[in-house]
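*Asks:* One-letter residues, chain by chain:
Protein chains: 2
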Amino acid sequence: MKNIYFDCDLGADDALALAYLLASPNINLLGVGSVCGNTSADQAAKNTLDLLDLGGYTNIPVAVGEQDFRVNTFDDSVKHIHGDNGVGNIELPHTSRTPVKEDAKDMLLRLSHEYAGTLHVLAIGPLTNLAAALESDPTLPSRIASVTIMGGAAMVPGNISAVAEANIGNDPEAARIVFEASWPITVAPLDVTMANTFEEEHRHALLHSTNPVAQAVGQILDFYFDFYTTEYGRRCSAVHDPIAAALCAEGITTDIAPCAPVTVDDTQGPGRGQLICDLRGQRVGWHDIDGAHVRVVLHTACDVAQHLVDVITA
Amino acid sequence: MKNIYFDCDLGADDALALAYLLASPNINLLGVGSVCGNTSADQAAKNTLDLLDLGGYTNIPVAVGEQDFRVNTFDDSVKHIHGDNGVGNIELPHTSRTPVKEDAKDMLLRLSHEYAGTLHVLAIGPLTNLAAALESDPTLPSRIASVTIMGGAAMVPGNISAVAEANIGNDPEAARIVFEASWPITVAPLDVTMANTFEEEHRHALLHSTNPVAQAVGQILDFYFDFYTTEYGRRCSAVHDPIAAALCAEGITTDIAPCAPVTVDDTQGPGRGQLICDLRGQRVGWHDIDGAHVRVVLHTACDVAQHLVDVITA
Chain G
1 MKNIYFDCDL
11 GADDALALAY
21 LLASPNINLL
31 GVGSVCGNTS
41 ADQAAKNTLD
51 LLDLGGYTNI
61 PVAVGEQDFR
71 VNTFDDSVKH
81 IHGDNGVGNI
91 ELPHTSRTPV
101 KEDAKDMLLR
111 LSHEYAGTLH
121 VLAIGPLTNL
131 AAALESDPTL
141 PSRIASVTIM
151 GGAAMVPGNI
161 SAVAEANIGN
171 DPEAARIVFE
181 ASWPITVAPL
191 DVTMANTFEE
201 EHRHALLHST
211 NPVAQAVGQI
221 LDFYFDFYTT
231 EYGRRCSAVH
241 DPIAAALCAE
251 GITTDIAPCA
261 PVTVDDTQGP
271 GRGQLICDLR
281 GQRVGWHDID
291 GAHVRVVLHT
301 ACDVAQHLVD
311 VITA
Chain R
1 MKNIYFDCDL
11 GADDALALAY
21 LLASPNINLL
31 GVGSVCGNTS
41 ADQAAKNTLD
51 LLDLGGYTNI
61 PVAVGEQDFR
71 VNTFDDSVKH
81 IHGDNGVGNI
91 ELPHTSRTPV
101 KEDAKDMLLR
111 LSHEYAGTLH
121 VLAIGPLTNL
131 AAALESDPTL
141 PSRIASVTIM
151 GGAAMVPGNI
161 SAVAEANIGN
171 DPEAARIVFE
181 ASWPITVAPL
191 DVTMANTFEE
201 EHRHALLHST
211 NPVAQAVGQI
221 LDFYFDFYTT
231 EYGRRCSAVH
241 DPIAAALCAE
251 GITTDIAPCA
261 PVTVDDTQGP
271 GRGQLICDLR
281 GQRVGWHDID
291 GAHVRVVLHT
301 ACDVAQHLVD
311 VITA
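If you read the protein sequences in the order shown, they are chains G and R. Read in order, the letters of the first sequence are residues 1 to 314 in the UniProt record's numbering. Read in order, the letters of the second sequence are residues 1 to 314 in the UniProt record's numbering.
These aren't lab readings, by the way, just hints derived from the structure by calculation. We treat Cβ as the ideally placed atom computed from N, Cα and C, and that holds for glycine. Any given hint could turn out to be false.
FRET-style restraints, in silico, Cβ to Cβ [unchecked claim]:
| no. | chain 1 | residue 1 | chain 2 | residue 2 | range |
| --- | --- | --- | --- | --- | --- |
| 1 | G | G285 | R | H113 | 45 to 55 Å |
| 2 | R | R283 | G | K79 | 14 to 24 Å |
| 3 | G | E200 | R | M1 | 52 to 62 Å |
| 4 | R | Q306 | G | T118 | 55 to 65 Å |
| 5 | G | S142 | R | V71 | 38 to 48 Å |
To list a few chain R residues with every Cβ distance to chain G over 12 Å, as calculated [what the hints assert, rightly or not]:
| no. | residue |
| --- | --- |
| 6 | F74 |
| 7 | D75 |
| 8 | H80 |
| 9 | V100 |
| 10 | Y115 |
| 11 | T139 |
| 12 | S142 |
| 13 | S161 |
| 14 | E201 |
| 15 | F223 |
| 16 | E250 |
| 17 | I252 |
Below, a sample of chain G positions facing chain R; criterion: calculated Cβ distance under 8 Å [stated by the list, open to error]:
| no. | residue |
| --- | --- |
| 18 | L30 |
| 19 | M155 |
| 20 | V156 |
| 21 | V163 |
| 22 | E231 |
| 23 | D265 |
| 24 | T267 |
| 25 | G269 |
| 26 | I276 |
| 27 | D278 |
| 28 | R280 |
| 29 | H287 |
| 30 | I289 |
Assemble the whole structure, with the sequences as input and the hints as a guide.
*Replies:* Following this line, the structure appears as structure tokens:
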């Protein structure tokens, strides 16, 4: 069982990732921290609590995290993608449970001591909470087994600028701190998350499941599919956050995932928010670069969407 | 016949491009400007004069251009790629002809008046001369029919940094001026120039030609192939500059070449020198973006190397 601190801005695809984590046999979800991004940090925490309690996971604590980015301003501007409430305008059954008193970064720091050496971090929103934790305690990486992140665009266009993906681009200053810290990172950029799609057949499999969280996620994705129809030319969606979750759970395999030097553009220039992955010299065969601590997942070797459905509806 | 001002830092692959232009039936090469890059501006002018006169083109004038970049310093650091003299350490027969008195930017400006509306610019080195001409006379674009450039890396790694290609990255300030000017640009980035290779069979076809310029270029490329062996795992080279020349001469066809918004990162950040091509929203089919004036050539629909050989050895 992998001990997990899960940081998210839940979020339509975050909801799918959460449903997957809850159903995964090898995941011990110790706590969830919320962050602004797809919705506000408060709303993300509410959505997470609603989904957890809908599934009966009433013992998993949720901590509210950073309400704003370090330099950019959170402006709740992706309601056209995730709905006004972050979960595709679906009214989930509302739990009376509330977030814990500690904030997300303190939850992460506490868990890093309680599970020193065995705690894995899964971060699928802006990296604001993780950066705050690193600034509070720079020794944090020494107690973390691994960090898995959804973010960036290595060799494909970005989604909030020509080169910037939302999680990195919303808070480049935080992302730079996180990617420069000395912990082993696996990152799933748009290269792999846009290449994998969740289709109507997969969504219907969730809707027809007996798992109430799966059913809710199937409903939530309806709105998300509307947005992605423009991108793909059919009703489906990218598989952003769930790929990071499946990598963390070791449920999927990859065939192109070199360790490479990675940095973040936190200038105010036209490349602001770009996750710069140095993939030079890989033409004769993908290989790890000496000293690099970030594994950049460029291609999966399996049917990710079917894997998600199989685990969630098992 | 297309009237051409040709700006180059000759250069092993520049030599191949020049041999192609001289042999092209539809090119009227009015003048050549040299710029620092693959070698110094003085050496590039010498190499160009030697090749021109070797082929009997003693009436084509060569003007020396900018000796240094706008902010970066020219440091003649690619001798391992292009040889100490820019032409693979081959001793070309040296002509006694010397560059004209006017500098490259003045040649470009003069030609733009003499051939107003019909002058095409082909630039395969850093864009320092073109930027200088634009600053001298901002009305220049109104007299230019088209600009074709080799430079940038749209969705592949750079070659002087993770994201920067040498022509743009050596002088980002100049490149930004050139790409922001209101003239129609066609740019061949590493995406297409690295995907096309010049093989030993092509080089041998040049060596065995009766064209003395072709023979010289076949010899020059030997050293260049040594460098690219590491990149490709076999003796061959990329086809950087000749692709821009062939696009300018309309000798090759493309199948992916959308007009897209393009800018240059001229910050001092980690993305410095990147040609940022906004290729978002092209998943449902490559298409031109309204208002964009830069055509980004991503894929050729023909055998470029064979076309070069066919034209040069005809």
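*Asks:* Each of the hints needs a verdict: does it hold here or not?
*Replies:* Do the hints match the structure? See the list:
Taking 45 to 55 Å as the suggested C-beta distance range, the pair G285 (chain G) and H113 (chain R) conforms, at roughly 53 Å. The hinted window of 14 to 24 Å between R283 (chain R) and K79 (chain G) holds, with their beta carbons roughly 23 Å apart. At about 56 Å, the beta-carbon gap between E200 (chain G) and M1 (chain R) stays in the expected band of 52 to 62 Å. Between Q306 (chain R) and T118 (chain G) the beta carbon distance is about 59 Å. The supplied range of 55 to 65 Å therefore holds.
The given range of 38 to 48 Å is respected by S142 (chain G) and V71 (chain R), whose C-beta atoms sit roughly 41 Å from each other. Every CB of chain G lies more than 12 Å from the CB of F74 (chain R), the least distance being 22 Å, so the non-interface label holds. Every C-beta of chain G lies more than 12 Å from that of D75 (chain R), the closest at about 20 Å, which supports listing it as non-interface. Against chain G, the non-interface label of H80 (chain R) holds: every CB pair exceeds 12 Å, the least being about 15 Å.
No Cβ of chain G comes within 12 Å of the Cβ of V100 (chain R); the nearest lies about 38 Å off, and the non-interface call holds. The claim that Y115 (chain R) is not at the interface with chain G holds, since no C-beta of that chain comes within 12 Å of its own (minimum 34 Å). The claim that T139 (chain R) lies off the interface holds: its Cβ sits roughly 26 Å from the closest Cβ of chain G, which is beyond the 12 Å cut-off. At roughly 26 Å, the least C-beta separation between S142 (chain R) and chain G is larger than 12 Å, which holds for a residue marked as non-interface.
Annotated as non-interface, S161 (chain R) brings its C-beta within 12 Å of a C-beta of chain G; the closest such distance is 8 Å. With 12 Å as the threshold on Cβ separation, the claim that E201 (chain R) sits away from chain G holds: the shortest Cβ distance comes to roughly 20 Å. The Cβ of F223 (chain R) sits about 20 Å from the closest Cβ of chain G, beyond the 12 Å cut-off, so the non-interface label holds. For E250 (chain R), the shortest C-beta to C-beta distance to chain G comes to about 28 Å, beyond the 12 Å cut-off, and the non-interface label holds.
Every CB of chain G lies more than 12 Å from the CB of I252 (chain R), the least distance being 22 Å, so the non-interface label holds. Annotation: L30 (chain G) was flagged as interfacial toward chain R, and the flag is violated, the nearest CB pair being 35 Å apart, outside 8 Å. At about 5 Å, the closest approach between the beta carbon of M155 (chain G) and any beta carbon in chain R falls short of 8 Å, and the interface hint on this residue holds. At a threshold of 8 Å, the smallest CB-CB gap from V156 (chain G) to chain R is about 6 Å, leaving the interface hint in force.
Proximity of V163 (chain G) to chain R holds as hinted, the smallest CB-CB distance being about 6 Å (cut-off 8 Å). Here the hint on E231 (chain G) is kept, as its CB sits about 6 Å from the closest CB of chain R, short of 8 Å. For the restraint placing D265 (chain G) at the interface with chain R, the shortest Cβ-Cβ distance is roughly 5 Å, inside the 8 Å limit, so the hint holds. Look at T267 (chain G): its Cβ gets to within about 3 Å of chain R, closer than 8 Å, so that hint holds up.
With its C-beta approaching chain R no nearer than about 3 Å, G269 (chain G) sits inside the 8 Å limit, and its interface hint holds. Given hint, I276 (chain G) at the interface with chain R, holds; its Cβ is 5 Å from that chain's nearest Cβ, closer than 8 Å. This hint holds: D278 (chain G) has a C-beta 4 Å from the nearest C-beta of chain R, less than the 8 Å allowed. Interface restraint check for R280 (chain G): the shortest CB-CB distance to chain R comes to about 4 Å, inside 8 Å, so the restraint holds.
A least Cβ separation of about 12 Å between H287 (chain G) and chain R goes past the 8 Å threshold, and the interface hint is therefore violated. Here the hint on I289 (chain G) is broken, as its CB sits about 11 Å from the closest CB of chain R, past 8 Å.
The earlier numbered hints that this structure contradicts are 13, 18, 29 and 30.
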